[in-house]
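Given next are the chains, with one letter for each unit.
Number of protein chains: 2
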Amino acid sequence: MNKYKVTFYPDNKTVEVAKDTTILSAALACGVYIKSDCAGDGVCGRCKVIVKKGEVLTQPTGLISVDEKKKHIYLACATTIHSDVEVEVPPESRMELHSGFKGIYAESEEIESKNPLSSDKIFKHSPLSTKLYLQLPVPSLNDNISDLDRLFRAIRKAQGLPVMQTGLSNIRQLGELLRDSDWKVTVTLGKRNDTVEIVLVEPGDTSNKNFGICFDIGTTTISGQLVDLNSKKILGTKATYNKQASFGSDVITRIIYAHQDEGMERLHSAVTQTLNQMINELTVENNINLNDVTCIVCTGNTTMIHLLLKLDPAYIRREPYIPTANFLPVLRASEAGIIINPRGLLSCVPGVSSYVGGDTTSGVLSSCLYKEKNLSILIDIGTNGEIALGNEDFLVACAASAGPAFEGSGVRSGMRASSGAIQKVKIDPKNFQVSCSTIADTKPRGICGSGYIDLIAAMLDAGVIDRSGKIKLENHKRVRISETGKEFVVVFKEEADAAEDIIINEADIENLKRAKAAIYSATAILVKHMNFELQDVKKIFIAGGFGTSLDIDSAIKIGLLPELDRKKFVFIGNSALSGARQMLLSAQATKAAEEIARKITYFELSVDPGYMDEYMAALFFPHTDLNRFKRQGR
Amino acid sequence: MNKYKVTFYPDNKTVEVAKDTTILSAALACGVYIKSDCAGDGVCGRCKVIVKKGEVLTQPTGLISVDEKKKHIYLACATTIHSDVEVEVPPESRMELHSGFKGIYAESEEIESKNPLSSDKIFKHSPLSTKLYLQLPVPSLNDNISDLDRLFRAIRKAQGLPVMQTGLSNIRQLGELLRDSDWKVTVTLGKRNDTVEIVLVEPGDTSNKNFGICFDIGTTTISGQLVDLNSKKILGTKATYNKQASFGSDVITRIIYAHQDEGMERLHSAVTQTLNQMINELTVENNINLNDVTCIVCTGNTTMIHLLLKLDPAYIRREPYIPTANFLPVLRASEAGIIINPRGLLSCVPGVSSYVGGDTTSGVLSSCLYKEKNLSILIDIGTNGEIALGNEDFLVACAASAGPAFEGSGVRSGMRASSGAIQKVKIDPKNFQVSCSTIADTKPRGICGSGYIDLIAAMLDAGVIDRSGKIKLENHKRVRISETGKEFVVVFKEEADAAEDIIINEADIENLKRAKAAIYSATAILVKHMNFELQDVKKIFIAGGFGTSLDIDSAIKIGLLPELDRKKFVFIGNSALSGARQMLLSAQATKAAEEIARKITYFELSVDPGYMDEYMAALFFPHTDLNRFKRQGR
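Sequence lines, in order, name chains A and B. Numbering of the first sequence is given in my numbering, commencing with residue -9 and proceeding in unit increments. Numbering of the second sequence is given in my numbering, commencing with residue -9 and proceeding in unit increments.
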């Protein structure tokens, strides 16, 4: 069998592959992450690469323009290797490596603090791991208990803790460590499955250096927060695309990929690489030693948690849809390939079912939905939209597969809600002038989820598109027909920080329409299933990685959210991440999360006979049934 | 630096060493275990080897006879390497590799069963690990809990167990395993530090195959027993010399050796090799798969347990004599290098102090000394003699360094209490004819501990030796003067299964006298320290690896045991091993052992001002003060 060398730039990574291998497969085999929403089906057009050298064969596709062909641009998934090849991955096809931003989350914390039930305040401070400085009495003939007993005695005296255990590696170093440090040591105590463990013993007083990181592992986006476990202060927040997105944009594609040769290994490695890179950035920026990061809490949908821990996700997608585990023991982070202190702990927020995971649990936790007296709903808008309905008496939840459009993925000019992302848009109905504001007020680089919601609402208002999403404006410099269909220019490249015009095309609008229809119809069906009317809902918590900029009016205008009294809506930012942070900071929060996960009843949308009709009816802006959106046009 | 190749036969192992390395060091470096009681000080004469080829330099020594010199026999510890060398290790210098015997322990179990308080019967059967066969209900849309929850639910239903946890490796395989096995699996549940853990999940019903092994790791001898954890039946018993004996005969020598380069690694590897070899023999002989051995309990003195777990023993011998740990968490056996099921558990019997270890705890446990109403004493005769005094109200213990003579080590014709060992001796006072009986009634191969006790008693009675241990018989074919001093022939080689005559020399008698003096004086001082008289003791439990043959009269005659009413003595065999077996079979026994270890007060002999006088006075047969042994000569 012929083997060819493929080198990828700018990563400068080389891999040997067999003839006929696709460029995308070769890239994944050597850890080069190329955008691909369709996981290699040749339909999303995200995986464009430039072949600098060598012989390739490609399938005909409308996704590559004549101009691009001339520049040797190919779809990586539809192009196979027939000699040694050199490939350049252009910036727009690369998985974003990092793009931390503090601003958004700082604001989102502000939002949370306005929530009267803000659960950060209701839980007692008792982090997953705590540090305790001890000055042990020096042993003598009259006080000659063993080193380990001496340590246990001092901890009991200081904290009155009941059960304790520790690992052999700690015991092995104990004799020398205690004597070298003159009997002054810092112990890290971890809460582990109903027992207290000595995670670590260090010489001297390091008790002021104890940090934890919480992650929300989304299908498309991973968010992380570095927390000082002593002061509860958030030291930094990052969000980046999940490198797994190279293997497909939704959980089903990933589950299928996991069953290919090395598939699980690659998916696992993609997510841990993403996490470890974020951990590195967070700790370097805050001048923190990795060894002082003693615990991690991860939340995410059930598939994401399975892939993180290398649990087989196969049975999640086969009837009767059974995950391997919803409740996981506290593990060592190193067991999942996460690099912090080698003995540091990893706790995963408990999930409910195959399609309602820990992210729903932690969202319900941090929103305090489970403490509401009145009927309330939590709508978490993401690639997997999760909707939870209930109050202090009951909780029911379902999941809606919305796709990654609201996270700025799978849409032509999409980007995450980070610096330079358009988040607010107005269109002058007379001349179709577009005015927009961006995150951090920099030159626009692309459009994020809240920007798209505003943009579509504005296009509807200005008559740029009709209720089905077709662009009806004609004979205007902003409207043109490209190889991929009709498109509307939001910002010309001259005014943008981008290589191309920032546009929205009909395919994008279709994607966004399907996403909003999935969320809306799931919400409507869930409420109906429980024999309520939408009007019965007294409070609507809106969550997601939008930052603070989500315009509820726009969201109602496009039919993403139901038409209800605006006062009922509370925007709570990334509530899944906030819940994970609470588990990091409080054992009480962990107990509460466990109770929530047990209490939530899972509702499987697809078995509801009315779901498909409801979804189809929602494929208009705002909806087929305008009676549901009576205030429209006010 | 010159490097030379040294090859050892019959092992056929080769190692490269620097010029001037001793043959003993070279042997240890490549895992060839040569007897050495003095750990290379050139005084014990146990490490004789034959240099077949090559150039060596040796120190002058009286321990090699002229005849031996001619045969190129050298002391491995006093001979250095000056070219490539080939060395043969003769049988008498090799560490015994294995010498299992069932007979002795079968009898010793019999003894135990006669003990009215036999604790095997008082503890509820609840092994360290149990197997449970489960037929799980197949999941459906109406019963769609996760695989792990399904398993937990079934276990709770079957056993009503409270807390449960399991490791990531089990969870990872769960999805496929449950489905491949048609939801019929066997779980192994382990008791681990106050929680119940799923140690293992296996397809199908393997619940009838669940085995455990208990070990008593002595300084000189290691005993092990394979137990069917379901039926409590003992399937096999083995005893062999601890390979660590190559590094010195007592705990202090080993502690010092542990601090040399690679010292700890070699000591650890020597003991785990010994254990793993015994495990292999026990399982092969009983046709048991190693994977079905799910737990191990080890008892032993504190230094032995430290070396097994690679805990630094340095502080055990430095004032104030602090061990790293007395109470150890339940570990995985693999963490200590013990090869059974890779997830199998290892529990160590809790110890009391640096010099009173888990072997004392397990001896007190199995003797039921801690339940006695009247003052009782447990004397465990071994290289480290342990003496525990007390009753249901108090327990106090001390240790006496006796040396390995009673275990047949460090004495010229010594051997362990196994097939061919002389265990009973009579000497006709008229003609000094010796008649003796051996274990398994085979031709004599050597003398074991109980044989030596009988032999010295008989030599005293017959007037072969005087009360100081000097051989006073003259002009008899059995008495002769060799290069190492005066010796008495017990069995001529023609009547023995041995290459040489079986003899006892004055150095052996001296060794045995010191050993008995150490045990006796420790017993006397301990009783005195607690303000009792020896006569106040109502019951004396005698323990040790003697088999059933220990003659109490002989032991009193030589002054090893105090002169008390013979009815007070109960011989209980290897009580340390029995206690470990009880912990293997019952969580109740484990709790009891923990309470015992906490209850025992350690008494440090060396701080008692009367100890040295008492010891010196005991260096006669039976004692300097004959008033203590009034019935002598009856």
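Read the hints as simulated data drawn from the structure, not as lab findings. Treat the hints with care, since some could be wrong.
Since the list gives no way to pick out one identical chain from another, each pair is judged satisfied if it fits inside one copy or across any two copies.
[What the hints assert, rightly or not] Keeping only pairs whose Cα atoms sit at most 30 Å apart, straight-line, the calculated DSSO-like set for lysine-lysine is: (1) Lys147 with Lys589; (2) Lys174 with Lys589; (3) Lys147 with Lys181; (4) Lys42 with Lys581; (5) Lys581 with Lys147; (6) Lys174 with Lys414; (7) Lys589 with Lys42; (8) Lys620 with Lys529; (9) Lys416 with Lys9; (10) Lys483 with Lys462; (11) Lys528 with Lys43; (12) Lys59 with Lys589; (13) Lys581 with Lys181; (14) Lys528 with Lys414; (15) Lys414 with Lys59.
Taking the hints in turn, this is what the structure says about them:
1. Taking the closest pair of Cα atoms, Lys147 and Lys589 come within 30 Å of each other only across two copies (21 Å); inside a single copy the shortest separation is 37 Å, beyond that limit.
2. Proximity of Lys174 and Lys589 under a CA criterion of 30 Å is satisfied inter-copy only: 29 Å between copies versus 45 Å inside one chain copy.
3. In this assembly of identical chains, the alpha carbons of Lys147 and Lys181 lie at most 30 Å apart whether taken from the same copy (18 Å) or from different copies (27 Å).
4. In this assembly of identical chains, the alpha carbons of Lys42 and Lys581 never lie at most 30 Å apart, being 56 Å within a copy and 72 Å across copies at closest.
5. Both within a single protomer and between protomers do Lys581 and Lys147 lie at most 30 Å apart by alpha-carbon distance, with minima of 25 Å and 23 Å respectively.
6. In this assembly of identical chains, the alpha carbons of Lys174 and Lys414 never lie at most 30 Å apart, being 56 Å within a copy and 58 Å across copies at closest.
7. In this assembly of identical chains, the alpha carbons of Lys589 and Lys42 never lie at most 30 Å apart, being 57 Å within a copy and 79 Å across copies at closest.
8. Taking the closest pair of Cα atoms, Lys620 and Lys529 come within 30 Å of each other only inside a single copy of the chain (19 Å); across copies the shortest separation is 97 Å, beyond that limit.
9. In this assembly of identical chains, Lys416 and Lys9 lie within 30 Å of each other by CA distance neither inside one copy nor across copies; the values are 51 Å within and 88 Å between.
10. In this homomeric assembly, Lys483 and Lys462 come within 30 Å of each other (Cα to Cα) only inside a single copy, at 23 Å, whereas the closest approach across copies is 115 Å.
11. In this homomeric assembly, Lys528 and Lys43 never come within 30 Å of each other (Cα to Cα): the closest approach is 62 Å inside a single copy and 96 Å across copies.
12. In this assembly of identical chains, the alpha carbons of Lys59 and Lys589 never lie at most 30 Å apart, being 56 Å within a copy and 85 Å across copies at closest.
13. Proximity of Lys581 and Lys181 under a CA criterion of 30 Å is satisfied in both settings, with 12 Å inside one chain copy and 24 Å between copies.
14. With identical chains, the CA atoms of Lys528 and Lys414 are at most 30 Å apart within one copy only, with a shortest distance of 27 Å there and 94 Å across copies.
15. In this assembly of identical chains, Lys414 and Lys59 lie within 30 Å of each other by CA distance neither inside one copy nor across copies; the values are 35 Å within and 100 Å between.
Checked against the numbered hints given earlier, the structure breaks hints 4, 6, 7, 9, 11, 12 and 15 and satisfies all the rest.
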